[in-house]
Structure formats: C-alpha cells, structure tokens
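As they're listed, the protein sequences go chains A and B.
If you count the first sequence from 1, position 51 lands on 51 in this note's numbering, and the numbers rise without skipping.
For this note's numbering, count along the second sequence from 1 and bump the result up by 1000.
Hints in this document: simulated from the structure, not taken from any laboratory.
A virtual CB, placed ideally from N, CA and C, is assigned to each residue, including glycine.
None of the hints are false.
Heads up, incomplete: computed chain A residues facing chain B, CB under 8 Å, no partners named:
id	residue
1	I93
2	S95
3	A99
4	Y100
5	L139
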Amino acid sequence: MIHIKNFSYEPGEHEAETASSSYLMSLIAIIVGLPLPIVNLIATLIFYLGNRKSTYFVRWHCTQALLSQLSMLFINSFGFWWTVSIIFTEETITSKYIAYIITVIIFNLTEFIATIYTAIQTRKGIHVEWWFYGSLTNLICKSKS
Amino acid sequence: MKKTIIQGIITFLIFFGTWFALTQIDWVKVFKVQQVTDKTEQKLGELFWEVFKKTEKESQNPLVINSVDSIVTVICKTNKIDREKIKIHILNKDDINAFALPNGHLVVYSGLILNSDNQEELTGVICHEIAHIELNHMMKKLVKEIGLSALISMTTGNGGGEVIKETAKTLSSSAFDRSLEKEADIKAVDYLVKAKVNPESFANFLYKLSDKEHEATKYLTWISTHPDSKERAEYIIEYSKGKLTEYKPILTNKTWDNLKEELKE
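Please construct the entire structure, taking both the sequences and the accompanying hints into account.
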C-alpha cells in the first residue's frame, strides 16, 4: 500500500520538515475536529495553499495529504449525516449503518497510521508514495523544471 | 494515468466491498440495539395505556371482549402474527375510534362496534390498526414528533405525568403521515384477504363515514384522524380487485347481533 521511492532530487532538511508537517497538520486537526469531518480537510487545505509556491518535494507531499483528506471527507460526511438523521429523524439504527460506521473506522484508522508513518519518513527526507494517492499526486503535481 | 484509474477503482471497490461484507453480520443483534428499543417500547405502551385506563371505562362484558378477541385471533392466525403481542382493550365510549399504542396495545371504542353495519367493517378497522402495530408505526411517529431522548427519559421516570398524558392524547387523536396510513391500509387488505374477510366492507365503512350526512358525524374521531376517506376507500377497492372472492364470516351472525344488542344497553 505504501511505497518508498526515489524522488527526483534529494530534499533538504527544511523541505523534509515542512513536508512532514503537512501530514502532522491533518493529525492535529483530527483531534480538534473529530466530530466534524471537515476540520482536518480545512487544516490541510490551508497548509497546502500556504506551500503552493514551495519546492517540489514540499508541494508533492502537501498535495498527497490533501487528496487523502478529501476522499476521507466524503466517506466521513456521509457517516456524519447518517448519524445525525438517526438522532433527529425517524431513521433507525440498522445493521447497514453499523457496518458502514465500522468500515469508516477501519479506513480512518488505516489512513491515520499511514499518515503517522509518512510524517516520520518524510521528516527523514524519505519519499513515500501511497497506493492510488501517490500516482494521483504524480498526475497533478509536476516539477517546475 | 491508466494505473491511477485502476488503483482508484480498486480502492473504491475495497471500500464498498468491506461495507457490503460487514453488512452480512446482524450488528443490531450483536449490539443488542433491538433489546433497548423493545424495552423502551414496552415501557411506553404501559405508560400510555395507564393514562386511558385511569380516565376511561374499560368494558368488562365477556361477550364483547370474546367477540373482538375472536376477530383478532383469526386475523393473527391466518396472517402468522404473534397473537400474544396484541393486547386488546375495549373502552365504553360513544366515539367512533380505534387506535394502537406502542407495544401492541390495541384500543377499540364501543362506539366503533355500534356504528359498524357488519362485522367485516369492524374487522377492517381492526386490521388497519394491527397493520400499524406490525409495521411499527407508533414508535416511528413518536420518535418523529417528540424525539427519542424524550421517549427514553419518559420511561426512566423523568418525563412527568403531563407529558405522558399529552403524548397519549396525540396517539389516540391524530393521524399518521399519509404514506404510513396508506401502507397500513394496503397491509390491512392483505390481512383481510388472508382471513377470508371481504375488504370491500372496509372501503364501504370509509365511504360511509366520509359522507357528512351520516348521523354519527359528531362522534367521528376515527375519520377526522384519518382524512381523505374517499380516496382511501378508492385505493382499497382498487387494491383488493381480483383477490380472493370466497368469504366467510368470523363471528356467527347471531353473535354479532347479540354483541350490538349488548352494547346498546
């Protein structure tokens, strides 16, 4: 699921730190905004916008962090509103709902672990590409040179 | 590009695959969700019934009780409904009304029996209320109108008597959503057909009561809580077309006549 690859160049100390922070950003935001699925996306988005003009390595990892948060947003929002509708409308708890919530927890946990791991690796200057998100980022984020 | 799309589709499939696989497990049972809901419903049923028991007079006449009981038993038997679940109460009141409370309490006013021209009409209304019970409409309505938290606090004793009284009133004198009513009507026709009772009588009853000239208009609680009777009568007729044509009465004609005599007194 996670591949360590050689980046086109060796990132510097400062670059590694900023790239690593982009992942940490989403982790901190998860703690703050746990009940609302949108907070971590906003945090990553702000970080992404702030580093848009940064070096390739930093941009690349900000994009990967943002993309992964974006897809989690859809999954989590759906679960969030489903829960709200159960509490406030005539919707009842079904096995389908519980199964969905468990799936969401599994996916969030996987993403959480992957994020921690990637944050540590990028801090060391190691380039980590995720399954699907890595290749998607490669399509979006291009080297300027 | 191609690789990304394939990976994206696989991720997508893994997500829905996991969801689908997990759906195969009966989580509601695993987490005992049903038990909690059932307990709440049981308690609510008791609370609401208490309210009516205190304010109205319950009929003790064995003929009346046994007759209605026979009707309900036949419907339950022919439709594989748990008879134990339905608790019938007959109240001596002139209003033409019948309603269901949570946990299978079925309340029938003597006015309804008196104003039914034949037993099929009464059976039709009873089937309609049993359908509400079987489809769990009371709990849906209660949750929608006063919220689950209020319901649970009622059962734990923090709700206060007034709230319970008010809610009980709502249950006996206001309608469900039109869609729920229709669902119950259709289900009632199914019950009637299986019990070999002509569903047309049920439609006739609605027609009759929708007629404003009818002498019993002032007591028409059931019809005022169940609007659009004509429309309902029409779709009941439409739905029951082509169903079974061989009918047989549940009570003997003699019993039915005796029952009405008994109630008139």
